[in-house]
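Asker: Okay, here's what each chain looks like letter by letter:
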Amino acid sequence: MDILGKRYWYFLLSLALIIPGLAAMGVWGLPLAIDFTGGSLLEVQFGSGQAPPPAEVTALYEQEFDITNTRVQTSGADVLIVRSPFIEEATRAEIVRAMEARFGGPVTLKRFDSVGPTIGQEVAARAALAVGVAALAVVVYIYFAFRGLPHALRYGVCAIIAMIHDVAVVLSLGAIGGHFFGWQIDSLFLTATLTVVGFSVQDKIVVFDRIRENSRIYRRLPFEFLANHSIVQTLQRSINTQLMTVQFLLLALALFGGVTLREFAITLVVGLLSGTYSSIFIAAPILVVWEKREWTRWFGRRAEAAA
Amino acid sequence: MQQRFLNWLIVIVVALAISIYVVLPTSHLVFTLGNQTIDRSQFRQGLDLQGGIQVLLEADLPAGTNINAVAMETAKRIVEQRVNGLGVAEPTIQTQGERRDRIVVELPGFTDPEQAIATIRQTGLLEFVIIPTGELPPAEGAVIQTYCPVVTQVDCGNPAQTPAPASTEATTDTLPAKTYVTLMTGAALQDATVGADELGNPLINFTLTGDGNRIFGAFTSAHIGDYLAIVLDKTVISAPVIQAAITDRGQISGNFTIDSANQLALQLRYGSLPVPLKVVESRVIGPSLGQDSLNRSLMAGAIGMTVVVLFMLLYYRLPGLIAVLAILTYGLITLALFKLIPVTLSLAGIAGFLLSTGSALDANILIFERLKEELRNGRSLRAALAPAWQRAWPSIRDSNIAAVIICLILYWFGSAFGASIVQGFAVTLFVGVLISLFCALVVTRTFLTATVEWFHGVEERPAWFGV
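Heads up: the sequence lines are chains A and B, in that order. All letters in the first sequence, in the order written, are residues 1 to 307 by my numbering. All letters in the second sequence, in the order written, are residues 308 to 774 by my numbering.
The hints are simulated quantities; they were obtained by calculation from the structure and are not laboratory data. Hints are supplied without guarantee of correctness; some may be wrong.
Computed list of lysine to aspartate or glutamate pairs in EDC-like fashion (alpha-carbon distance at most 20 Å, straight line) [as the list claims (entries may be wrong)]:
hint	chain 1	residue 1	chain 2	residue 2
1	B	LYS679	A	GLU213
2	B	LYS585	A	GLU213
3	B	LYS585	A	GLU122
4	B	LYS585	B	GLU387
5	B	LYS541	B	GLU387
6	A	LYS6	A	GLU213
Generate the whole structure from the sequences, applying the supplied hints.
Answerer: So this is what it looks like as structure tokens:
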């Protein structure tokens, strides 16, 4: 089975997924939730059939509290989610009372998050920094673990490139989901991203381990053949692990979990799938491209390589 | 070999038995360590699962101001005291942030955010209140009305915190009977420390500022034998008798223990918070939402695991059964540790657990795929076990070490910067990965060896191993 021969097609496929995602991010922006931008989120449950239309809630915020820029969303039966600029707990209590007065019936508070603007930005910046430092540490560790091989550093770098690929896929999904389905990049999304990062790195190491083992056994084989053989040998494991962790466990979460968990599970399904995909179709092919220094021939033979 | 795997088998069975006992919801796990009682009967659930309130307070000082660590610590203790008044079972109060200038308060299961935030944010007004001659003071802990006349010329805090009549013409005659007049506020105190009398009983020494000196001296010399109440946030914390005229420095004696004296000295010194705090983040999660999330993820987990078990049995057959037992062992030990440590289980924590379950499964799959390869190469089952395991090990080791490195860095960032989600994820993943390494290293291997040693028929049936 020749997997690596078509490597440029895989790169093309990944680009075809990521570039529209990045474009979506550029045009629509990432739908950052209040966890990162600051602001308030109020989720309230109305009595059966008593939830008012969103426009009336917006009107209530504006008329009685002079709060503009609210976004109201229905979530399940009789549940409304209102996102607004930062408000204090005291205001929140008044708003709920005003809702009860205006729309009737008891209004139950399900969730109220209020995040000051500076806090939000800090969390986002620090999470990004944490992932960055973790990635650097992983490169160092892989370099150490593969030190017996020529060009050990490449393995670490390729693993991280593939990991960035997976994060890009997840963020693209977030941007597109945000635009079409009203998804929000919140702290749960951050958790999903961390999970994808962890899984991705583990998966890369398993595939690289086989290359490490084979290059001790078959010293004379060309690297591309060796890498291809290693991928084929680990293919069954890749598929099974992917099935176990992702498809079975997470699809169940996506299908049976609640609304908040559904976004989380779908993000994980896509991200972890990308994690397995990028081990085979991104990380290992880049190793081969690097080994053969193929970029020196890209411009003369591009048509041939892509064909 | 025989002896070693038997030893391991015993270790595994014992660990399993303990874990099952710990995980069972009916187990009564209460330990006593010194004078502390530790209850581990229930899993510690994060706010997002059991509902509750989280408030993040930040020192409200101009940027660039140096944060005094002692003052922050004191502020934390004052907040802690106030929170304890709410009667929440297991509140958490921690300082956080790079500059340690934040205090995070978590009130699991508490449902009244208005009360919680009002309690935490009260500014803490310390007053010395005049008890009219001949009257007995209100009991300690009683809540009283006070009135702070401007004539005392000692700051009574900003008007918003003084609910008494604001009119400067108001005199004691026109006030309701239960309202006491404030002599001066905590601002008149320079310092308060704990000391001891000749008999070694704890008492409190305090010194006064210039203003305080003048007011207190004049008042106490005229009222020897009367009571004077010390009131914090309208609650009487102590009501000693004036025994002598007090100028410059004085003593409060009473029925103190070292602890209560320390506490009072602290309140006298910092009655109002030593650092102004503002709420920068608050989260309120209704109990129904948390319960709903928990139930749904539990159900999804059960369905997912059932499918995994079926797949493992169908695809890997006998080793599949071993893997299922190994994963079960992994799951039980990990959950038992979560309960004992205790690890707070939030949605992020569950994600970490899920990921480590994935890597525990992966370790088994790696071993079995290698086993199949060795069997296909014509080795006997007995001969295939050791090389299969040896070849799978480096990949299991390296991938899990990488995961551990990620955990440590995420945990460090999470705790240093107060990103509790990142931290919760890192902790469960870390515990899970360590146990999954143990399971790959010991449990799967021991179970496999046991099968080969005890069931001699399996040697002739490679189909049982999916070959």
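Asker: Against each hint, give a clear statement of whether it holds in the structure.
Answerer: Status of the hints after comparison with the structure:
Annotation: proposed proximity of LYS679(B) to GLU213(A) holds, straight-line Cα distance about 17 Å (limit 20 Å). This hinted pair does not check out: LYS585(B) and GLU213(A) have alpha carbons roughly 58 Å apart, beyond 20 Å. Proximity of LYS585(B) to GLU122(A) is assessed by CA-CA distance (about 17 Å); at most 20 Å being required, the pair is judged to hold. Between LYS585(B) and GLU387(B), the direct Cα distance comes to roughly 16 Å. Compliance with the 20 Å bound is thereby established for this hinted pair.
A distance of roughly 18 Å separates the Cα atoms of LYS541(B) and GLU387(B); the hinted pair therefore holds under the 20 Å criterion. Distance hint between LYS6(A) and GLU213(A) is unfulfilled; the C-alpha atoms sit about 24 Å from each other, more than 20 Å.
Hint check: violations occur at hints 2, 6; the rest are consistent with the structure.
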